[in-house]
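Protein chains in written order, with this note's numbering: chain U, 1 to 363; chain H, 364 to 750.
One or more hints might be untrue.
[Claimed, not checked] With the C-beta cut set under 7 Å, the calculated list includes, among others, these residues of chain H facing chain U:
(1) Pro586
(2) Ala609
(3) Ser613
(4) Asp625
(5) Glu655
(6) Glu680
(7) Pro684
(8) Gln685
(9) Ala745
Treat the hints as calculated values from the structure; they're not laboratory data.
Predicted, not measured: the structure shown is a model, and the values here were computed from it.
Note that beta-carbon positions come from the ideal geometry of N, C-alpha and C, so glycine has one too.
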Amino acid sequence: MSLPAAPAQLIDCDVHITWRTLDELAAHLPRVWQSRLRAGRGTPRIQPAFYVPGCGFHKEASSATGGPPGSDPETLARDWLDGHGIAYAVLNHLDMPVVSTWGDADYPRDLARAYNDWLIERWLARDRRFLGSMVVATQDPAAAAAEIERAGAHPQVVQVLLASGTRLPYGAPYYHPIYKAAARRGLHVAIHTGTEGLGTSNPPTSAGWPTYAIEWRACQPQNLAAHLVSLVTEGIFVRHPELTLVLLEGGAAWLPQLLWRLDKNFKPMRLECPWLTELPSAYILRHVRFGTQGIERPADPADAEQLWTYLRMMEGERTLVYASAYPSWDMEEPTASAVIRGASPEAQQRIQAQNARKLYHLD
Amino acid sequence: MAITEVPREAGASPQAREHGRVRRPRLGYPLFDVDVHTSFRSKQDLLPYLPERYKQRWQDAGVGDSPATFLSGAGGNRVDAVALDGSPAGTSAGFVAEQLLDPYDIEWAVCTGNGILGLGTIPDADYAAALARAHNEWTVNHWLPQEPRFLGALVIAQQDPSHAAAEIERAGGHPRIVEVVMSSGNIAPFGQRRYDPIYAAAQRMGLPVAIHPGTEGRSITTPPTSAGYPARRVEWHTNLSLNYIAHATSLICEGVFAKFPDLKVILLEGGVSWVPPLLWRLDADWKLLRAEVPHLTELPSAYFRRHIRLSSQPIEEPEDPQHLLDAWRLADAEHTVLFSSDYPHWDFDDPYAAFPREMPDEWKRRIYRENARALFAEKLAALETGT
């Protein structure tokens, strides 16, 4: 283990932003939805079924303007970007993808559109270091594709952020218009955990609804794994060779076992997906990136080497990108990340900057 | 029935001895196979054990409406497992001995059924329970007496846990019934307290509880993944290990092992290498969230290591075998993994070919033999001393 040097060109692939008040979002929303936005259940906010005490914002994160942390572009740029030498930060809204788990299609579509306009106007236009994850409502894939055409044209919009909770795995043909549009715009697709089991989505585990938050959190990776298996076997990365899937806050060390099982199964069952001309693992290692924040790790820092035993099996020096989750309670500063601290100096440089630079075509 | 004619020579069925094929096990010790899929030859075989009102239903409808959702075109069994007399795969005790037990030095084989576990997905719990009981009666009366190396797994219908518990109490005392088995496709995570009667009965009878995959997504069960229904078998089969993560997490976090300290659970065909990352996550979150699970007085990993065992098949196959050894070392596979062949299924593991050559001999000895013997020690002791 070695202490990472502070690289001048750090790239943070997961910074959480929000509005100071709903007024900011309302300004971009048609009049017909104004009352619904403020009606509690119409507010795009994750209200998880499980209670996790103490989650919320990190105690050192603040907003000078009185809004919640992550709601003021100048404060965020000063405190986080300037303070840590971050060259670029990908901005994600934790709650917005939840609109895809609602039964209605029209209101979520317009909310997503309003969000994207707000993202561009309030954030991307103010600082070139901000990169944006736009959102879509997946209830209407054709409308989602049209929105990607529209909002995805902004040069600082780099990816489409999808909810982890769904009715169908993301490889399903139902979603294909979304990937086609994203690929045409040169965008990637990201999935952030947190919406499993919400709204119209499936139970949060394949075995059904668990009882406790500890179970829900332990099973979040299996949701990403199921999406990943679906996307690769469906041939999304064959159709769209430039498309990358970015998986955020769902761990990573679960991947090696999945790769082995998938490759093994592919050999006798490849007639089911004849469009794959390489082993599934080859597509996955080329087309999937994992954020470093929240990656599962041994409790004892002395066992950090065990984590890299797993990360090496998934070419972690190439497949991991630094993600802080600032300003969440469990955010990880670049020099405090156990994943990065356990990496070789060369791998540290890649994970902190080079991998994301290549992914998002920066400079 | 007589159960004392157990051969003391390893790898020697009466048939083998008759034909002079007794030989020394190739590793110097015989193996224990915890997952062999044997079965009745036709539905007729269960009829004598079924109540009158279910006989027609069993013949017409079997275990359910959608057994083949994710079956591949190639079928589920090795094509060479059909016996010379035409018996379907796994239905001729003599041929199982000849094709599996003798050539692979298998001293004991747990028979977990074939095509019967789907009863755990039948909406009608009474019918499912009648099928389970009939299968258990057939196992004890017809199947086990044919081959002294066979051990039996008690099939239960988890739809009605108290009924299932009664079946465990009824049939679990048989000397060669060594475990309870149920399908991993289910309506809820297995740690939930509605299943406590099953675990209480299993603990009382000294039987481990095994769960076996294959029914995920069928009938009354939840979708096979939390993302929804996959499209094809290659996905479905890959994702089976994910379902085991959910069940293992539930069993630990609900406190099943705190409530039933002598209970052991066997996760069949679910893989191994997912264990270390899951336990890192659970242990870390236990520190954060233990207020919601005050019944856990130890780290989740401690419960896992003490109470959960994993079968080896289908063995994980990284391109670099060293990766398997590294992952299995962190999973403490030496103490938690049990060899299984999955005979006669298409993805059968040959114990002498499937494992990495580089695996230490001491690991192999535990995985091939000692871990299972420790798990079933009580019943084995009675069988092997002939008491």
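query = When the nearest CB of chain U is found for Gln685 of chain H, is that gap smaller than 7 Å?
reply = violated (10 Å)
message = Under 7 Å is the threshold here; is the Cβ of Ser613 of chain H close enough to any Cβ of chain U for the hint to stand?
response = holds (6 Å)
Given hint Asp625 of chain H near chain U, where the shortest CB pair must fall under 7 Å = violated (23 Å)
task = Identify whether the interface hint at Ala745 of chain H stands, where standing means a beta carbon of chain U within less than 7 Å of its own.
result = violated (35 Å)
inquiry  = Given Pro586 of chain H as an interface hint, is its Cβ closer than 7 Å to any Cβ of chain U?
reply    = Since chain U brings a Cβ to about 5 Å from Pro586 of chain H, closer than 7 Å, the hint holds.
inquiry  = For the restraint on Glu680 of chain H, tell me whether the closest CB of chain U is nearer than 7 Å.
reply    = OK, holds: Glu680 of chain H within 7 Å of chain U, min 5 Å.
Hint check: 7 Å Cβ-Cβ cutoff, Pro684 of chain H to chain U = violated (11 Å)
task = Go through the hint on Glu655 of chain H and say holds or violated, using the shortest Cβ distance to chain U against 7 Å.
result = holds (5 Å)
query = If you take the shortest Cβ to Cβ gap from Ala609 of chain H to chain U, is it below 7 Å?
reply = At 4 Å from the nearest chain U Cβ, Ala609 of chain H passes the 7 Å test, so the hint holds.
Hint check: violations occur at hints 4, 7, 8 and 9; the rest are consistent with the structure.
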